[in-house]
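Enquirer: One-letter residues, chain by chain:
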Amino acid sequence: MDKFEKLTGIAAPMPLVNIDTDMLIPKQFLKTIKRSGLGVNLFDEMRYNQDGTEKPDFVLNQPQYRDTEILVAGDNFGCGSSREHAPWALKDFGIRAIISTSFADIFYNNCFKNGLLPIALPAEAVEVLMKDAEKGSNARMTVDLEAQTVTTSDGESFSFEIDSFKKHCLLNGLDDIGLSMEKAPAIDTYEAQAAQARPWV
Amino acid sequence: MSPKTLYDKIWDAHVVHEDDDGTCLLYIDRHLVHEVTSPQAFEGLRMTGRKVRAPERTIAVPDHNVPTTADRVDGIDNEESRIQVEALDKNVREFGLMNYYEMNDIRQGIVHIVGPEQGWTLPGMTVVCGDSHTATHGAFGSLAHGIGTSEVEHVLATQTLIQKKSKNMKVEITGKLAPGVTAKDITLSVIGETGTAGGTGYVIEYCGEAIRALSMEGRMTVCNMAIEGGARAGLIAPDETTFAYVKGRPHAPKGAQWEAALAWWKTLYSDDDAAWDKVITIRGEDIAPVVTWGTSPEDVLPITGKVPAASDFTGGKVGAAERSLDYMGLTPGTPLAEIPIDAVFIGSCTNGRIEDLRAAAEILRGKRVKDGVRAMIVPGSGLVRAQAEEEGLADVFKEAGFEWRLAGCSMCLAMNPDQLAPGERCAATSNRNFEGRQGRGGRTHLMSPAMAAAAAVTGRLTDVREMMGEMA
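Protein chains in written order, with this note's numbering: chain V, 1 to 201; chain E, 1 to 472.
Okay, chain E solo, but in the shape it has when bound (with noise of 0.2 Å):
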């Protein structure tokens, strides 16, 4: 047998038909849904008269558009939110759905974060979403991306999507991680190195020292913003790590079935001598803490860095890097860690699990947000928050002066209340800095939670490692 990346395996495993162009049509094991791409996709099935083919491996959840205030439970005020997360009720019910986590179920978050939490997504598995950031699930080693509307239709119908084949990338981050770099700095960095569409035909497969020394949470970062790189999707093997977050889960398998499960799981890596079409090697004690400047993911700089000027580019990025500079309201040699900010978002499927909150906990204990900086923490389910709660962790928040919300995606995208008013600054855990994205006119500079807390003190983009001496 010739040798194999994962991508390959998962690949392999998953084709129903061949057509002799190469276009394959390919099983999808777990279909996530949420609120906002899917109300066309179960009209047009209404419209043809379609059924979906298998219910029981669809899983639904609102997550975009609910409010993350307490008063979520007397109903969504914004009518248009309202509308739209009461069709997924009602598509739900009507197609028959049979994993659904509604708004109030302790279980609801952001999709991302649910399905792996509940044990849905496992091992060598397809997943995919109407969401880009789909990508997390990944971390698993299962092949997971997001699809269009007219994707998720064509899933809801056939359980199939019709594909062909990516190229395979190797991103090896080797060696340690020094102190105050996390895994949200490494994908930062990727993205740094390869540009926004450096990934783009191709999926990824993260491996090296450093990313075998991520916990899950860790892992489910880094994949998530493969994305962000032009990436299809971003896998990273399965290992002792993945096994030992697997296990126990509502979903996992269970007794005989998990030995099963087991044993095929052990098989998911890349063989030595596979073949790959690009690879990129980082050095892991290379990345630093970094920062965001700009309004594309790619505008990454170690915090210790300066605010670039647009001549510093080449091609067509000049002219972007003078949009972005202008729409940043930044001047180009301002040494990074002297940006005041005005808001602190910590959360989102990047960046809104428990060892997040952890990190973010570690920097604020005992200090306070600084006057005049609006900061807040929006746990990445309901039962992150309730560990968050149970660990202390939700007490360290709030003493801080961290407004302690309720699970959903929130200002990451901003489809609820959750925005930044034009011109505000805001430090963010999550993936994207887009104009725009958190608000019309919001600026939004992406680290990691360590260092958006560390932010949140000092009321300017900060080092952490600063803080951390500190703690020492």
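This is chain V alone, in the form it adopts within the complex (with noise of 0.2 Å):
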């Protein structure tokens, strides 16, 4: 997995709250069976016409947020589907930080397992980071894994919490899979236990 450490970059305003899974990716999407490729269908139906054309409101069409790689959005950020095509297509088009108030919990779940950083904060430094990104490509953003931090292009910073474990995995890039592996031993005790106790599973 891609490590996350500190990102400096373009910041694009999203202010809609409940964006879903199915905008981020949109489920005539979900029928490759790669995890490549996905970034040109990102918010597929929001920033194409039914011609295939882009619309030029939408704001990743925008000359100055095309190289965005951080998204500050409305509240519930990632709600719906499980659907990990989600953080692909995220990663896929560039991005690899999203700030909100609140993200849903597995869209939150998958985004580490791809070394995306979802990082939730109180309303009234979202609004702030809102108005940042608003300035467009002059201003950039930057996010610092290890110190926990998100800071304006003013200068202003805001701190927000994580998880030490999801931390730990992501600044260093590590496999959980592997992780869990090395804890087999564990999970064979468990097994003939759990025979032992509930046979019938």
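Just so you know, not all the hints are guaranteed correct.
Unchecked claim - Rough simulated footprint, nothing fancy, chain E against chain V, three-plus residues with beta-carbon under 8 Å:
(1) 24-31
(2) 158-165
As the list claims (entries may be wrong) - Going by beta-carbon spacing under 8 Å, a handful of chain V positions derived as facing chain E:
(3) E45
(4) D75
(5) N76
(6) N109
(7) K113
(8) S180
What the hints assert, rightly or not - With beta-carbon atoms standing in for the labels, derived distance ranges:
(9) V:E161 x E:E389: 47 to 57 Å
(10) V:R47 x E:W264: 43 to 53 Å
(11) V:V40 x E:W276: 39 to 49 Å
These are calculated hints, taken from the structure and not from any lab test. Beta carbons: idealized from backbone N, C-alpha and C, even for Gly.
Since each chain comes alone in its own frame, lean on the hints to assemble the complex.
Expert: Next up, the structure:
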């Protein structure tokens, strides 16, 4: 898995609340059997007209946001379907961090498996960051995972909380399947005990 | 011993390892797999030379992509869909999965309907699937939730998940439901109350007299949409209704094992003095038949209500409501019961079970679908379909002018040929009214099967109670 340490880049404002994973990547793109190549279809129905031409109003189609690496979004980002195609599409587009007041549980977990950092901050902080993102490509925001801070282009800094295990895995790009497989003896023991206690399972 | 919630009890019985920071390795009793979220997980195993640790605990069924027309026995026309279903066939064989219901097996259906139907889902289990509606299985008092594809790979390789414990939320529905009010109205009303993020960070236990009175089918409808309220999972403590449903199913325990299982299952309830992080109480009598008006499952109103205005909301919801009203093509102030519809979809893991079909048939008996309305009923599994045919429900649907389909996810998410056209408005028994969910530009109103059937007859969103009056 890709590491995430520190990132300074363009942040795009998406103040819409309840951005769901169907918006992030509509169902017709879930027919792939690969993880790659989904960036072009990120936000497909918001981003393109029916004939495939771009909608110029959509934030990521605007010249100053084409190289966005950070999204600042409304409440409850990533709700709905469990599709990991959503973080795959974000990452393939080039987005590495998402900032919101809250994230849906499954989406939040999926991000960490793919080197993406979802950052939950209080509404007042997200408001300041949203304003900073609205400044366009001359304003670069900085996300520092080690320090657990987001800093605006003006130098205003906000600290965020993150689970220590998730932080450790992301900073080091660790494969958590490998980590869990090292616990195989504990899994063996559990299975033997469970077979005694609940043999019908 | 300190008092525990049902969630605490199931959690404690499945912890394999706990780190100092509370990160746990949780054992998974049942892993359900479908064709959309698994190919990359199997590919990951292949690339790292890993095996499936517990093929006997893994249950696979194609559902999202499968066409629901009779010609599917000849294969799937859409190339991408066919490749995805074939990839599942291949992965099942290559990794030695032992429980597979292929597309043309009569037991095939939506994974969340097949699991309980075959007795794979039992009280006190941990159940996961690369699908958010795994919450359905919580109706049995099993801890069940959706996971991403990387986690699917993790479970395939280790039969465990890395988890931190959620908080406990109690949602109590007191008293009795009024006539015409169903499990779907309960679950939508709860989301209307909490919002789609109200459950984030929690596992919900639904309880109270109105929940106890529900059949297993109704309980599955309630738990199915726990995810739409943002909760990791929804739970209902098992009781005699649960045990009666489970008994005799192909993979349910038998004989002495049944007795042993039953003894443990009867301990699976929240202790009286258990601690809750959040409690919500709703009077069953206050719940009306509801529909959604917008593009979030929290946009719920009684059918007697009117389309709201964006100015009725505050904060970020103002912009979202404006966008929803525009997408849905609705004018504030319009009575909901005057909104005309173009299509009706009855089915999905939310409402594709036999009881749902019975409720729809009761409304449709001797009636006709309104001219110009396209209506389809998609049973949740081949066995539900067979039972509906045996009970004569299929004849009712066909005589009313409904298309009677084969089992699959169908128009709930339109990954198959069943889709809405842009601007088409649908009365749907599924779970998500998101933009584009049922087809690009499609407009979805969520409701119960009886309400959807009533809408099919009148050609507009309809208060089912008016039609029940006719029947009485």
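Enquirer: Of all the hints given earlier, name the ones this structure violates by number, lowest first.
Expert: Violated hints: none; all satisfied.
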